[in-house]
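Novice: Can you build the whole structure from these sequences, using the hints too?
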Amino acid sequence: MSQAVFSHLHKCESSLQEIIFVLYSKNDWQIFDKVAGSYLSYIQKKIEEGPFVTVDAIISVDNKVVLIKRKNPPFGWALPGGFVDYGENLEKAVMREVKEETNLDLKNLKQFHTYSNSQRDPRFHTISTVFIARAKGNLQSGSDAREAKLFSLNELPDKIAFDHRRILKDYIKKMFN
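Take the sequence shown: its position 42, counted from the start at 1, is 41 in numbering that gives the first Met the number 0, and no numbers get skipped.
Derived from the structure by calculation, the hints contain no laboratory data.
Result set (DSS-like, lysine-lysine): computed pairs, CA atoms no more than 25 angstroms apart in a straight line:
#1 106 <-> 68
#2 135 <-> 173
#3 135 <-> 63
#4 70 <-> 135
#5 44 <-> 70
#6 168 <-> 68
#7 148 <-> 158
Since the model is a prediction, treat every value here as computed from it, not as a measurement.
Specialist: What follows is the structure in structure tokens.
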């Protein structure tokens, strides 16, 4: 249900956004209140445990890069990537996330840079290690990606999530200057 609420908020055009819940019985309200309350408590606890370790990939294909359009907030285009699972190393995490989101298998994986600004993710503090890679396979969206697409480095989309525009600028500067 929380994803439906976030999707609705994203689709609202006005700055005043509101959601009205109609629950037909007191029991329905109590169930909703318990589930929503426990979910919010869980999220608050996780936020306080941060920062979180994440990975992202700059996948180069014929002077273009792969971006995914996010299904979940924060919305917008982003580099493929995500959270590192407990016990997982960074390289395995980026390969897993890229496969889940783009159906691509990474090759020639090289660590590029680590980004740690506490404001880089509007949800909570993340520290992301970015990798540069080539890939093989057929590009198609999956899991958290609404769409996966190749973009020319000089024609990037307007709405890019997180600090990924800065990451791409750093990449362009290092690789082409």
